[in-house]
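Work out the full structure: start from the sequences and follow the hints.
Protein chains in written order, with my numbering: chain A, 1 to 237; chain B, 1 to 401; chain C, 1 to 284.
In silico DSS-like links for lysine-lysine, alpha-carbon gap of 27 Å or less:
1) K139(B) with K138(C)
2) K41(A) with K203(B)
3) K141(A) with K138(C)
4) K31(C) with K77(C)
5) K164(B) with K139(B)
6) K237(C) with K77(C)
7) K325(B) with K231(B)
8) K53(B) with K156(A)
9) K77(C) with K173(B)
Calculated from the model, a selection of chain B residues having no Cβ within reach of chain A, i.e. all distances over 12 Å:
10) E193
11) I274
12) K325
Partner residues are not named here, just some residues of chain A that face chain C (Cβ under 10 Å, in silico):
13) G122
14) C123
15) P124
16) R139
17) Y143
18) F144
19) F148
20) E165
21) C172
22) G174
23) D191
24) G205
25) T206
26) Q216
27) R221
The hints are simulated quantities; they were obtained by calculation from the structure and are not laboratory data.
Remember, it's a predicted structure, so these values are computed and weren't measured experimentally.
Just so it is clear, CB atoms sit at the ideal spot from N, CA and C, and this is done for glycine as well.
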Amino acid sequence: MSKPAILIYDLGGCEGCPLSIMRVYPQLINIANVYTKCLGKVDLDREYDYAVVTGPICINSPEHVEELKKIRKNSRVLIAYGSCASVGGIILYARGGQEPRPEHRVYAPISRVVRVDYAIPGCPPAPQMLISLLNCIRRGKGYFLDLFRAVALNPKLSGFDLMDEVVLNGLCVGCGACVLSCPTNALQMIDNRPDLIPEKCIRCGTCTVRCPRFSQILIQRSRLLQKASSLSRISGV
Amino acid sequence: MVDNALTTMQRQVLDRIGGEAVFIVFASNGAASDAYFVSKAPVRGFEKLVRGKNPVFVVNAVMRICGICHAAHGIASTEAFEDAMGVSPPRNGRLLREAIGLINRIQSHLLHLTLLLPDIYPRDELLGFTVKTIKLYNKATELLGILGGAPTHPPYLVIGGVAKTPSDKVIVKIMDELEKFNEEFVALREDVERKALESPRIKPLLEKEYYPEMLATHLFYGDRFNINPSKIRVVRYEEYRGGNVPKEAEENTSMIALYEDRIVEVGPRARLSIYKGFDGKTLWDLQLARFMEVEIDVLQINRLLERIDPHDESSTKLLTYRPGKGLGVYEAPRGVLIHRVELDDNGRVSDYKIIVPTMFNIPHMEIGVKGLPSSIADLVPRIYDPCIPCATHVVEVDRNE
Amino acid sequence: MAYQPVVIDPENPLGYYTGIYLAQTADERVKRKLGPDYKGGGAVTSILLYLVEHGVVDAVVVARRKKGLYGETIIAKTPEEILEATGPKWSIVPYTLGLREKLTSMDVGRVAFVGLPCQAQFLRQVKMFPLMESDFSKKIYLIISLFCMGTFAVESFLNYIKKSYHVSPDEIENISINGDELVVKHVRGEIRIPIRDALFHLQHGCLTCPDYTGLFADLSAGKALKPGFTLLITRTKLADKIVREASNTGYLKLSEPDEESLRIVIEKAREKIMRSYKYLSTVL
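Right under this line is the structure:
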């Protein structure tokens, strides 16, 4: 079997995600043909089996929106990789108005613009993540794949959402998964419940997919969403 | 321009650099006569983004400006806040911070080498060397993970110092690793330098002399007393070029920084020229300076680690939120990086300004390429190692300050 | 890859597994520690002893009961420390930042983790899908999950014991399970609480949890129907190998599971999935 073609493309993030991927390049080339700007020219007009898009999409930059749509069209599986691409991350706070392009006001996870197959939070995800993910996608099933699919459909995820949906909602059992999943140590255990230090949360979303309760809610919600959208297709809404 | 020469324009989307940019080169008879470096990455506006926020948030946020020189931004930012709040880190904190910054610098230089390798090595040898360089890069990355808490956006960089003091054991381990790293690096470096002499693409760089005015504040860390920020002027790209630029260059998402209204070079060559008497004049010397830096940085990290007392605190635990103004100057991998902050009555950020090294260096990419064959024009920006994610975040600095 | 993707399915409530065993400790230290009244099998402790004493892992992360229902997570490196943590757990002991710091700074390579199904899910995700660069993925060697029908909201349950049975939290020495009753030993004697009454004090989050046996673990363990025995479910080749080795080296006695034990674990696992469906629909 020939190796799948994989595109790694940054849309204007900090480049931390493509660089973290580069660290597993020696392993990645064994399972895929890799196309990335870090190592040479990339051609967005050819077809790819996988496109790994990093960085947020700037809604006010038509060129970038077009680029993203082109990538979607030309790739079989589109993966939003890293917090900015998958859930927005730190850049959700952007308010525009900065020289020389003050019109770049709104940034969003890429699933707001195109259909995304899998969305992976993490700022940045550890290098090994991509290899595991590709292996799992090939097998095609499992709880975590469902989870990353659900993130693509429901990108509003951050420490604040973890508090709202799980902790303040009384669903937290106090396992401590979130506390061990925060890259900025914004979560601490107080009386066996996580508490958010708001000024430390960068909205990377890692805690939410690590929480056993939230991940379950996400998967369930995405099923309902899919059902609703297929119903609306049937009834022509 | 000579009248009867054949003038062509070439537009090249740059690959193998940090970020998104286009290089527009005008050439007569195959030699570059003029060039325009156009950043394409969207402006994320971190300076606006952090306004009104708590300093703790801001340090974590500005580290995410860049996935390459994250620690450099973290250090410049913490320095600026400490200046504004009137705190200073304990001895351990300063030592560790400097070590973290230097590991980040090594990381960045190795990453840049990876990007440069295809210009040096023939196709059949390239893959092996790329893998080798990446493995070395991974070693530096691991060290940052240990000292900084994570290999990217290290969370241990906090206002008041470094959040965690490494134990005796960890320090010894890092020193061992550094020694092994250095051996491998020296071997790699020798090989790259030898191969570069044979590479037809590198050859013009070896011959092309370009040595502008240099600016640096410190060899290893950064010193706010060695620079006068009021002498820096940040202008829009078209203003710097005196209007009259190709249509696409008007859309440039980066600004240009001038020191005393002149263009200056910042980065490894500037640091070594000013503090080590390095006098490499050619464009290839920019890369040699990077190699030299990695070696002296490894030695410096060792010296720093030796002085750390594992039983002492590494950060000032007491932070007072209050109004103030602060300046942080740090020698990032690509040159001097400046963060300036103003805090309001509640100690929140009311104003934030960032000047990044790539803004100083863009003019040199455009001038340095002149006279070189247009077929290798893309090498000049690459040898200057621009960092677009950083360069697209800056507003005009008030001249009257 | 040896690991099978997890699919939660009421038709197949035990998930994917490679083997099911009825196990009993063969280690005198464990037997002595548990005492003659203990109804569990002590198999997990024995496996941990095997792992540490044969150098398969450098340390185990396990919860130890501090007092009554409260506990703490410890990184045990010696047989003594492991023995001290033996026995059933009644409340969840949260993972905290300290754990990561200790694990990353300690000179340990391979670590076995013992936790509840929710924690096993977290550990599996850390191991397979490291979303953070500072994850200790490489150190996770074996994930052991204990069967769990839910954990108590500690304050609520203690208050109930105090109000209904006049035993204050400080007086509680031990809690164990016997058939349909919780046996609470305290300084003045013991009380027996019907499990049905105690269920009210389960944490709400546990009601939406579909995982009874620890589907994400390498090895799941829980009390078998037969007194003095542990039911072991191995889900990976590695876990299977370890269980057999522990048996070959005299830490464990293995036998075929009896049908009744199997029937009950399947029933409970299905019950928990169905319960989670019911409660989840109210919170979506």
